[in-house]
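For the protein sequence lines, the chains are A and B, in the order given.
When the letters of the first sequence are read in order and numbered with this note's numbering, they come out as residues 37 to 516.
When the letters of the second sequence are read in order and numbered with this note's numbering, they come out as residues 70 to 162.
Read the hints as simulated data drawn from the structure, not as lab findings.
Virtual Cβ for every residue (Gly too), placed ideally from N, Cα, C.
One or more hints might be untrue.
Calculated lysine-lysine pairs in the PhoX-like style (CA-CA distance at most 20 Å, straight line) [claimed, not checked]:
(1) A:K110 / A:K452
(2) A:K474 / B:K158
(3) A:K474 / B:K160
Restraint-style ranges between C-beta atoms, simulated for each label pair [as the list claims (entries may be wrong)]:
(4) B:K158 / A:M46: 44 to 50 Å
(5) B:H153 / A:M46: 48 to 54 Å
(6) B:I71 / A:V414: 35 to 41 Å
(7) A:V414 / B:N150: 54 to 60 Å
(8) B:E107 / A:L491: 37 to 43 Å
(9) B:Q161 / A:R62: 57 to 63 Å
(10) A:K242 / B:D98: 53 to 59 Å
Take a look at the letters that make up each chain.
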Amino acid sequence: MQSLNGIHLMEDHNEALEVWRQKEIRSRILVHVDAHMDVGSIPQKDPYEILEASNISEVNRLLEEEKNWNLTNKDFYSLVNIGNYIYPAIRDGLIKEFWWVVPDRNFKKVGKYLQKYLKKMAKKDSNYAQEVLFSNGTVRGRLFNAAFNICNIDNLPEFKEEILLDIDCDYFVIKSARQRIFKDILEKKRLWIEPEEFVNKLKKKKLKTDLITIANSVEGGFTPIEYKYLGYELKELCGKLLFDDYKPLGLKDNAGVFFSHSMAEWKTGNLSRAGDLYKKAVQLDPTYRSYFNNRGFLYEEFGLFNKAYSEYEKILSLDPECPYNNVNMGRLLIKKGKMDEALSYLNKGIELNKDDFRAYSLLGDIHFKRKEFDKAIVLYKETLNLESEDVSALKYLGICYWKKKKMDQARKRLKKTVRLDPFQLKIRFLLIHIYIRKNLFYRAKREIVNCFKILPVYTKINFYLGLRRIFAKLPQRSLG
Amino acid sequence: MIKLTTILTKNEDIAWRKIDDDAILIDIDEEEVTHFNEVGAQIWIALDGETSVTGILEQIQCFFDVEEEKAKKDVFAFLYNLLHREMVKIKQD
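Taking the hints into account, I'd like the entire structure generated from these sequences.
Quick look at the structure:
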């Protein structure tokens, strides 16, 4: 068999950056085939540089010109994730020319949208060029010193040199770079392009590559798990791009095939066969035991709780000892208000995997809803010991402290919550309330201004009404 | 309540430097850059955890041509502002 050393299959797409670094890639063309751009801006300017200024006019110039300050107390590379891993690759000179191949067959509308989007990015981060052109089916801009292009597969040009090929499986299941992912997956369950057709298109363009990175992107809900086999299939098919005479082995013993067959058998009512096939899938690839191994979470996202329930019930009957399935069911039952049932699923989830931070957080939610704040605090703390940036646990831990009138502890957690998720309006209200209670009017004012900066107009009206409610509850002395 | 005998100390989480005659302060936690003019900078420097408010007032009157009452009023207002912003803490009442 030909070696496929040049092809790397991964779950999370940001692992591609590690592959390029290990291979010491420099100044290459990157063709990024994905439903998402993955070139989100990373704040990189160290604010302490302001203190290095030689005079006050330099301080003022820095503050006016630069908007990309890193105020996170984390270093640049620790901020890399699936949505921005190409940004450092371009910044550090690994990539000299970037081509994002979007899934849209009709590029006219999406092209205009993406042209506007890139211009918006330039306003927030000066490393994106202000000038963004859209002509001949391609959006053209710049990022750092690299050319930045967006087109669909049909408009991708022929390249004279070998390129880096970077594929995300969600490209095959999401039809447009504009559409909301969950809605798209729920409505369009079928592939819009077959991997073979796609690879043949690349072949026709005489695309030559020596390094291919492929991401499944199942965890997190981007690619439905029944399409997880795409990663494996693409790995096989892409061999054609590396070797002219390459013959794919096919999907004979792939876990994805067993998993898909299992789901099909379930639909026809053959439960015992479905169970056998599922077990075989998990045996071949344990990652098929996952939070995302059914459509329940998508239905849950859209508030379709009954449909979600039957999905979770189905996967639980196939694999009752899977901790993730138990935790999913527990979360749904909390939303349905069935706390006692939820409790037993979540406890079983923890019994099966004592390191599952989600389960502790959800148990905390049950106690929170029952107003047992001390118990909830213990569980949220346990969650944060396992995952220090779990926004939900931080948020509710802060609210527990707020309810118990421990304002300093509440403030610390709530501030971290809004730092991790700036759009938490209710939490910002609580922070304003805490600041006013503590007579920290300056901080309260700043928080109000922050809210207005980030909120759309209709929310600003709610915000104003919320503020009125807060002020109405305050004693007169605090209003001074 | 700040009194003449009160001793204040800077919030240690704030990084700062004197640039020209002014002071630039950076509070990463609050995502805030603050610029003090030369009078503000002088007060900020004097907040060393040893000098009382009386000592600060003396320094201000020594460096700048200002009447005692006006200096007292402005310094107190400035210190209260710093306290409300949690940029300083009371070390000794």
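Right, here's what the structure says about each hint:
Using a Cα cut-off of 20 Å, the hinted pair K110 (chain A) and K452 (chain A) holds, with the two alpha carbons roughly 14 Å apart. Straight-line distance between C-alpha atoms of K474 (chain A) and K158 (chain B) comes to about 15 Å, which keeps the hinted pair within the 20 Å bound. Between K474 (chain A) and K160 (chain B) the CA atoms are separated by roughly 19 Å; this keeps the pair inside 20 Å, and the hint holds. Between K158 (chain B) and M46 (chain A), the C-beta spacing of about 49 Å keeps the proposed range 44 to 50 Å intact.
At roughly 50 Å, the beta carbons of H153 (chain B) and M46 (chain A) sit within the given window of 48 to 54 Å. Checking the proposed 35 to 41 Å range against I71 (chain B) and V414 (chain A) shows it holds: the Cβ atoms sit about 40 Å from each other. Under the hint 54 to 60 Å, the C-beta atoms of V414 (chain A) and N150 (chain B), about 40 Å apart, miss the expected range. Separated by about 38 Å at the C-beta atoms, E107 (chain B) and L491 (chain A) satisfy the suggested range of 37 to 43 Å.
Look at Q161 (chain B) against R62 (chain A): about 60 Å separates their beta carbons, and that is inside 57 to 63 Å. Between K242 (chain A) and D98 (chain B) the beta carbon distance is about 55 Å. The supplied range of 53 to 59 Å therefore holds.
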